[in-house]
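So the chains spell out like this:
There are 4 protein chains.
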Amino acid sequence: MMIKAGIIGGAGYTAGELIRLLIHHKEVKIDFVFSTSNSGNPISAIHQDLVGSIDQKFTDTINTNIDVLFLCLGHGNSGKFLAEHQFSDTTKIIDLSNEFRLVNDKVFQGNEYVYGLPEINKEEIKGANYIANPGCFATAIQLAIAPLASKKLITNNIHVNAVTGATGAGTSLSKTTHFTWRDNNFSYYKPFTHQHLGEIYQTIEKFQSESKHQVLFLPNRGNFSRGIFATVYTEFSGSAKEAIKIYKEFYKDAAFTFVADQTLHLKQVVNTNKCLVHVHKHENQLLITSCIDNLLKGASGQAVQNMNLMFGFEETEGLQLKANFF
Amino acid sequence: MMIKAGIIGGAGYTAGELIRLLIHHKEVKIDFVFSTSNSGNPISAIHQDLVGSIDQKFTDTINTNIDVLFLCLGHGNSGKFLAEHQFSDTTKIIDLSNEFRLVNDKVFQGNEYVYGLPEINKEEIKGANYIANPGCFATAIQLAIAPLASKKLITNNIHVNAVTGATGAGTSLSKTTHFTWRDNNFSYYKPFTHQHLGEIYQTIEKFQSESKHQVLFLPNRGNFSRGIFATVYTEFSGSAKEAIKIYKEFYKDAAFTFVADQTLHLKQVVNTNKCLVHVHKHENQLLITSCIDNLLKGASGQAVQNMNLMFGFEETEGLQLKANFF
Amino acid sequence: MMIKAGIIGGAGYTAGELIRLLIHHKEVKIDFVFSTSNSGNPISAIHQDLVGSIDQKFTDTINTNIDVLFLCLGHGNSGKFLAEHQFSDTTKIIDLSNEFRLVNDKVFQGNEYVYGLPEINKEEIKGANYIANPGCFATAIQLAIAPLASKKLITNNIHVNAVTGATGAGTSLSKTTHFTWRDNNFSYYKPFTHQHLGEIYQTIEKFQSESKHQVLFLPNRGNFSRGIFATVYTEFSGSAKEAIKIYKEFYKDAAFTFVADQTLHLKQVVNTNKCLVHVHKHENQLLITSCIDNLLKGASGQAVQNMNLMFGFEETEGLQLKANFF
Amino acid sequence: MMIKAGIIGGAGYTAGELIRLLIHHKEVKIDFVFSTSNSGNPISAIHQDLVGSIDQKFTDTINTNIDVLFLCLGHGNSGKFLAEHQFSDTTKIIDLSNEFRLVNDKVFQGNEYVYGLPEINKEEIKGANYIANPGCFATAIQLAIAPLASKKLITNNIHVNAVTGATGAGTSLSKTTHFTWRDNNFSYYKPFTHQHLGEIYQTIEKFQSESKHQVLFLPNRGNFSRGIFATVYTEFSGSAKEAIKIYKEFYKDAAFTFVADQTLHLKQVVNTNKCLVHVHKHENQLLITSCIDNLLKGASGQAVQNMNLMFGFEETEGLQLKANFF
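Protein chains in written order, with my numbering: chain A, 3 to 328; chain B, 3 to 328; chain C, 3 to 328; chain D, 3 to 328.
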């Protein structure tokens with residue numbers, strides 16, 4: 003018997019991706035896709051690749067008896083929405099916003115939101131009813147740093163340069179997502195102050211609580227639509243071989259995170275739920291590269307992965323995706 | 003029990019796509035991927051999105067007892083390869099080149115190759131052991147024209163303007179696939195003389211043998227990697243409503259071809275096996291738009307669709323793909 | 003002594019291009035750039051490539067005693083603006099909108115606007131005080147058709163397929179200019195009904211008034227920022243050689259329009275004021291390709307060319323631009 | 003009277019850019035463009051934007067009596083070429099390769115090659131007969147670091163992350179310049195070991211010889227054709243205001259390098275000879291951004307700038323270029 007899923011904020015990027023994933027998930031039936039602005043319109047009129055794949059319409063009414071609820075609202079709106087809508091006690095909730103990710107924010111309405119990064123938190127996720135789904139940059143960067151921190155090997159500042167695609171900025175129109183600005187362009191934003199740093203520090207502290215080193219993170223805007231490519235380096239006294247062993251060991255049971263032997267490029271992961279990680283040593287610097295699709299492993303794919311774990315489904319169900327690659 | 007598949011010409015675009023599809027196909031096991039130049043290398047060293055997804059290596063030895071053989075060789079090399087390698091009588095063959103597509107070429111080594119366009123040839127494909135898989139432009143254009151021809155409504159020349167991505171030109175390096183040439187550029191090639199016209203005329207004649215009208219086809223090079231967007235117009239004396247009815251009727255049982263109500267754009271189909279078709283009438287012109295992913299519905303996806311039909315699998319098995327969309 | 007120029011609508015694409023051109027024009031001084039919304043801001047804060055090149059600010063006050071006024075307003079706003087602002091009798095006006103282009107619209111406030119396509123109207127432009135600057139698609143398509151029409155050789159319908167970049171849609175944000183939509187995408191709009199058809203028919207009639215043939219024009223949206231690539235074909239009974247001779251003769255004195263011997267691609271003209279034209283014959287079809295930069299030869303560059311002619315400057319002054327090419 | 007220029011290696015990117023610049027330079031006449039492989043072909047058959055702009059052909063004969071010679075050969079071939087061809091004593095030479103840039107390499111055939119970065123070396127360049135034109139990454143990065151070093155304020159390691167377009171890799175075809183690889187992709191190469199580090203350290207030492215700090219430089223491949231965007235950070239104890247003052251002072255007389263008040267994006271400089279620099283302070287880190295067009299300020303534009311200085315022309319002559327911007 004299939005579980006019933008509801009999606010809130012149905013017209014955005016992450017909701018679209020969730021729908022694309024769930025229509026082929028063999029354990030899940032989409033019960034409703036909530037969007038007040040699009041209520042009554044076919045879902046395929048907005049998510050137009052779904053012509054021929056889904057006949058449902060957006061709705062402005064909510065079934066509070068669903069098995070799983072995905073909150074795909076803008077940052078700051080999840081708590082507000084939950085305050086206004088009472089769901090069944092048995093409804094599990096996966097929130098894609100940043101509202102419940104930090105330890106200080108994780109209890110809401112008496113419910114504890116577990117940080118949903120399966121590579122570092124799988125057992126907790128399996129037992130959870132409420133998930134705070136990680137941020138996209140936060141996912142890529144944590145997966146680059148966590149193995150090192152897990153061995154308490156952060157001994158100096160960590161330098162992070164990462165670039166994200168235009169879907170990272172949401173569907174709303176803005177100067178820097180206008181095609182004539184973005185096409186063949188490159189820039190940075192929020193230097194050293196990106197809001198995902200909180201999640202990243204929290205994970206470092208989880209493994210190496212005594213670390214007081216800085217993460218110097220420079221986020222960039224790339225002229226592509228999907229994906230995050232992160233380069234991370236810090237001092238490391240061991241050999242390349244030792245480092246690679248640590249990373250391979252850390253991810254040996256991971257369903258979607260793999261340590262690649264060759265240098266990475268972004269399109270290896272676009273339109274998949276994978277995170278690929280590569281480790282390189284030069285003199286005393288360890289350079290770790292990681293790349294993900296920001297909308298999948300960085301958002302909706304990871305949300306489905308968390309759902310799979312919470313409901314005891316195969317972790318990879320619905321997520322064996324064909325890469326776009328070209 | 004899974005059938006065993008072999009792939010010849012394993013390092014190219016279409017072979018890569020086949021591998022991406024078959025590793026998640028529940029009825030098929032990839033027995034070998036043949037590539038003399040890459041023999042011994044991991045498949046994922048060339049098709050690099052497959053890191054973590056496949057451990058097999060390219061091979062230069064061939065198992066002649068497989069159930070299905072996919073020929074992904076350059077045009078002109080399939081016959082030569084088959085002349086040099088003898089497969090089991092029970093091995094079904096799907097050739098992705100243009101060698102056996104035309105009526106005059108369809109018998110080779112005593113075997114008859116069925117033209118593998120399921121929308122017009124499904125029953126023959128189900129009974130076939132040998133398939134000539136259609137060309138990419140030919141697929142998009144035929145699917146735009148066939149419904150009209152099926153009603154013998156081609157009454158004048160047909161004007162076709164279509165644009166393809168850089169994967170349409172194959173993996174070999176050339177001036178017009180160099181990034182600095184192609185990026186933000188546009189051009190045409192082979193005006194009115196593209197090699198796919200033969201297949202297109204053959205299908206028109208199949209339905210409306212008396213038609214002597216020309217297909218004036220202008221192929222263009224677009225600055226994207228995947229996809230074909232084709233606009234096709236010709237005179238039509240009926241109403242828009244009548245035309246749409248003809249198209250919806252023609253495709254009512256199609257597994258992957260759908261008539262869209264809204265104007266199309268290419269990314270609705272990229273990384274899927276779909277063909278979307280749209281019909282519009284202006285004065286006496288009927289404008290039909292069709293779009294496909296040239297590597298999927300235009301090549302490897304259609305090859306798998308044909309395989310599914312030949313072996314009695316679900317027609318959509320392994321082809322329920324998540325669109326890239328962004 | 004330099005002439006004084008004023009620019010109205012200063013924050014848009016065409017105003018930006020005008021400023022980029024005029025700051026290096028040796029006969030012109032920019033007197034003011036009018037923009038109510040940006041009044042007081044540095045011009046280089048909006049047209050950001052001009053950091054280091056211009057110190058002027060946008061203004062909301064107008065000097066009515068300038069020598070030349072460029073109207074870069076949205077379509078429909080030029081007449082309204084002129085009704086509200088009285089300029090000196092000696093101020094020449096170049097309007098970049100579509101308001102005064104057609105014969106029926108060309109007299110406004112008692113002034114006659116000359117259609118500013120130098121290749122067909124040079125002498126009239128030289129004597130004009132008011133110019134209606136042609137549309138971008140209209141420029142590319144007319145320059146492909148005019149030589150043929152000039153010999154009264156339009157004998158059948160004309161099929162036009164042309165693709166424009168995202169700057170063609172103006173600076174305002176819209177779904178189809180959002181990067182995540184446009185990137186690697188392709189689509190068409192306004193099939194057979196584009197508003198530039200009026201100008202195109204007007205020019206055909208100028209040369210071959212008895213022609214009653216249709217121009218079937220399909221405009222497309224390409225995933226690039228600048229440029230128009232137009233393919234135009236119609237029946238032609240002469241030889242390729244004869245056609246080429248007609249075109250070379252027609253453009254032998256043109257300052258910016260050249261007949262190319264090789265097949266064209268868009269980037270040959272991007273960031274220049276050129277129009278390149280190529281002529282090819284296949285069976286009974288004559289295929290003419292033309293390409294321009296929509297913001298230069300299709301808008302601001304042609305406006306400066308017109309200004310040069312009106313004031314007796316060198317026709318190419320300020321327009322010897324380095325192509326971007328890559 | 004115009005000087006006569008010769009260009010060696012005429013079919014490549016940098017030679018093409020030089021030709022584009024010199025045809026509009028009022029003090030220079032292109033005497034010959036040498037290319038053995040293209041000898042006899044029109045220059046506009048290779049540099050195809052020049053149709054209508056230049057009638058000259060490539061040649062395989064050399065006039066050794068020219069005033070200035072530009073060497074646009076692949077790295078390692080300049081010395082070889084000069085050993086085989088004897089030019090007049092009065093011929094000034096500008097070499098665009100990396101062969102004579104370092105102090106240890108700067109004397110060749112008894113001639114001393116001056117490092118041609120005008121912002122730090124203008125007086126020497128004015129008196130030079132032989133110029134080693136800087137590397138593209140080296141130009142962007144030095145212009146970000148030099149003001150700080152000039153005040154001996156390098157107090158810690160310098161972290162550099164920079165991204166270059168596909169023209170940075172030269173015209174030869176390669177996997178990573180194939181459109182289907184590069185489009186919408188991102189990757190890095192030569193981490194911490196790029197060959198331009200030598201030039202960068204040399205310039206730091208010139209100003210602050212005692213500095214023993216590392217430049218940790220990660221070069222990236224972006225999916226655009228032109229441009230370099232470099233972010234550079236290091237510890238700085240002063241205020242943002244102090245830093246900005248240092249930079250503005252350092253560049254107050256620079257012809258093409260400007261300190262921008264707003265955050266930068268790459269397209270501000272594409273198709274210009276500018277370098278824009280921006281300075282930002284966060285906690286104890288000073289973040290300096292610089293961007294250039296790799297083929298202009300990073301190669302051919304700077305070569306013309308050096309020529310202007312060597313011959314006493316206006317420094318900006320021929321280099322007042324219209325940005326592409328969109």
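Treat each hint with caution, since some may be false.
[What the hints assert, rightly or not] Part of the chain C face toward chain D, derived, beta carbon under 10 Å:
#  : residue
1  : Met4
2  : Leu23
3  : Pro44
4  : Ile127
5  : Gly167
6  : Ala168
7  : Thr169
8  : Phe209
9  : Phe258
10 : Gln270
11 : Val271
12 : Lys276
13 : Gln322
14 : Lys324
15 : Phe327
If you're looking for bench data, these hints aren't it; they were derived computationally from the structure. Since the model is a prediction, treat every value here as computed from it, not as a measurement. Glycine included, C-beta positions come from ideal geometry on N, C-alpha and C.
Item to complete: Could you tell me which of the hints above the structure violates, numbers in ascending order?
Response: Going through the list in order, the structure violates hints 1, 4 and 8 and respects the others.
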